[in-house]
Amino acid sequence: MGGHREKDTDAALLRAVADGDSTAMAALYDRHAGWLHMRLARRCGDAEAVREVLQDTFVTVWRSAAAHRGEEVGGWLWTIAARRLVDARRAQERTARIETSPMDAIRVEHESSVAAPSTEERVLARLEFGDVGTALDRISPELRDVLRATVVDGLTTRETARLLGIPEGTVKSRAMRARAELRSALAHLSPTPLGGPA
Amino acid sequence: MTGWHAPDDLVTRYADDALPEPDAWSLEKHLEECGSCATRVSRAVRETAAGAVLVDVRTAVLAAAPVPAPARRVSNARLWSPRVFLPSSRPRLARVLWAAGPAVRGAWPAAVLLVALGAVALAHAGGFDGTRPLLLAVAPVVPVAGVALSYGAHADPLHEIVTATPSGGLRLVLTRTAAVLAVSLPLLTLAGLLLPASGAPGAAAWLLPGLALTSASLALGSYVGCRTATAVIAGGWLCAVPARALAAHGGHPTARLAEQLSRCLDGAPAQGAWAAAATLCVALLVARRATFDHGEQR
Chain X
36 MGGHREKDTD AALLRAVADG DSTAMAALYD RHAGWLHMRL ARRCGDAEAV REVLQDTFVT
96 VWRSAAAHRG EEVGGWLWTI AARRLVDARR AQERTARIET SPMDAIRVEH ESSVAAPSTE
156 ERVLARLEFG DVGTALDRIS PELRDVLRAT VVDGLTTRET ARLLGIPEGT VKSRAMRARA
216 ELRSALAHLS PTPLGGPA
Chain G
686 MTGWHAPDDL VTRYADDALP EPDAWSLEKH LEECGSCATR VSRAVRETAA GAVLVDVRTA
746 VLAAAPVPAP ARRVSNARLW SPRVFLPSSR PRLARVLWAA GPAVRGAWPA AVLLVALGAV
806 ALAHAGGFDG TRPLLLAVAP VVPVAGVALS YGAHADPLHE IVTATPSGGL RLVLTRTAAV
866 LAVSLPLLTL AGLLLPASGA PGAAAWLLPG LALTSASLAL GSYVGCRTAT AVIAGGWLCA
926 VPARALAAHG GHPTARLAEQ LSRCLDGAPA QGAWAAAATL CVALLVARRA TFDHGEQR
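Line order of the protein sequences matches chains X and G. If you use my numbering, the first sequence corresponds to residues 36 to 233, in order. If you use my numbering, the second sequence corresponds to residues 686 to 983, in order.
No wet-lab data here; the hints were simulated from the structure. For clarity, every value in this text was computed on a predicted model and none was experimentally measured. Even glycine gets a Cβ: it sits at the ideal position worked out from N, Cα and C. Do not rely on the hints blindly, as some may be mistaken.
What the hints assert, rightly or not - Partial list, computed: chain X residues near chain G (C-beta under 7 Å):
#	residue
1	ALA47
2	ALA51
3	HIS72
4	LEU89
5	PHE93
6	GLY168
7	VAL187
8	GLY189
9	ARG193
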């Protein structure tokens with residue numbers, strides 16, 4: 036589907052979407068929905084919530100396409116999706132707080148937000164990938180989540196707090212600890228500046 | 686942009702959710718700015734279990750397409766005449782007439798036409814030579830009646846809502862009055878020209894009194910509401926000119942009417958007085974324009 040639209044650039048597609056062009060939206064969706072879905076699913080264990088966030092994201096694109104200003108369309112889409120995910124998390128947390136005690140809610144949510152690779156994969160990764168990868172694997176999952184939300188996904192401290200269901204102060208302290216642990220893990224892996232074996 | 690593209694193996698493993706975090710992170714960052722890798726990953730994800738969800742969401746997203754823009758263009762006309770929704774396919778002239786207010790699209794233009802045609806028919810077919818005084822006596826009241834039918838709670842079912850819109854208030858009153866005048870002034874003056882003079886003033890003599898009465902109705906309407914104001918003004922004119930002429934003694938009724946009209950309409954002093962009255966009423970109307978923003982008192 037999408038026909039001739041498949042060759043159009045993202046920016047051209049967005050301009051057409053702003054004018055209400057359905058074929059342009061179909062082409063944009065086919066190009067980006069897949070990876071956005073995967074990226075959201077890695078950050079949220081609730082398949083139904085992921086589906087809703089994805090749909091919200093593209094429905095928002097109908098309205099906001101005209102407001103797009105030159106930045107990379109992929110990054111722009113992810114910004115929308117990440118904000119939507121944070122909002123969905125907040126709403127979910129509110130419901131959970133009514134149903135369960137706060138501590139339970141946080142624990143449940145936290146467990147569901149961690150996409151846990153199998154032990155085998157961890158080992159493989161440690162063998163296959165470079166120092167940063169190994170170092171990141173050494174730090175605890177809690178710290179890694181904070182790093183991912185702030186560094187990779189570009190969320191603010193407040194948004195990270197909402198996404199992970201932890202207080203803002205905790206986000207800040209974990210981010211600091213994550214940096215410190217990463218630094219020491221890297222130092223441990225390559226004690227000499229030349230990166231020779233320890 | 687580095688020219689680097691994700692190897693197929695990385696793409697497949699990401700789509701299968703089998704990639705450890707750090708590699709997933711770097712791929713995700715790359716996808717934000719590389720359309721071709723984004724396309725490849727999206728295709729790979731479509732072939733996994735998530736494919737069904739993606740198809741569902743695609744349908745929902747395409748169904749949520751906004752309504753095409755042309756529908757918005759009608760909204761301005763609808764503000765003016767909220768009673769009936771008019772599809773944009775109607776001709777432009779029809780839409781303009783529709784937007785011009787309740788009076789122009791109701792029974793009023795038919796009445797104006799009837800007055801004009803009736804006068805002409807009476808003069809030429811019936812051989813009655815006193816029609817021009819009659820027409821001149823009735824003409825100033827016609828636009829006043831049009832104003833009464835154009836604005837206010839009784840004329841417009843959505844009056845209060847219309848008043849609350851940015852184009853409501855005095856602007857709306859003036860627009861609708863202009864529409865009323867645009868229909869009645871040329872029609873009645875033309876009809877007057879076609880009639881034998883029979884001692885009455887010129888066919889255009891009623892224009893200034895007509896304007897004065899209309900603006901007086903609007904100015905008075907800012908105090909007591911459009912319907913009462915128009916009733917008072919029209920009644921006042923009818924009592925002062927035709928009724929008094931008919932009640933007087935001596936001579937033929939039409940001759941007396943013509944005489945009375947000449948006294949009121951003919952000559953520079955009379956016309957000057959009507960012009961002054963019209964100016965005064967417009968000034969009063971401008972001074973009291975804010976009252977039209979709050980809807981009319983009942």
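For the hint on VAL187/X, just tell me whether its beta-carbon gets within less than 7 Å of chain G. Result: holds, 5 Å to nearest chain G Cβ.
Hint validity - PHE93/X Cβ closer than 7 Å to any chain G Cβ: holds (4 Å)
Using the nearest Cβ pair, does LEU89/X come within less than 7 Å of chain G? Interface hint status for LEU89/X: holds (5 Å vs cutoff 7 Å).
Would the stated hint for ARG193/X survive a check requiring a Cβ distance to chain G of less than 7 Å? violated (22 Å)
Residue hint ALA47/X, partner chain G, criterion CB-CB below 7 Å: Constraint on ALA47/X not satisfied, violated at 11 Å.
Does the interface hint hold: is GLY189/X within less than 7 Å of chain G, judged Cβ to Cβ? violated (9 Å)
Mind checking the CB of GLY168/X against every CB in chain G and telling me if the closest is under 7 Å? OK, holds: GLY168/X within 7 Å of chain G, min 4 Å.
Could you check if HIS72/X really has its C-beta closer than 7 Å to a C-beta on chain G? holds (5 Å)
Interface hint compliance - ALA51/X to chain G, C-beta minimum distance less than 7 Å: With a closest approach of 12 Å, the ALA51/X hint is violated.
Hint compliance for this structure: hints 1, 2, 8 and 9 are not met, and every other hint is.
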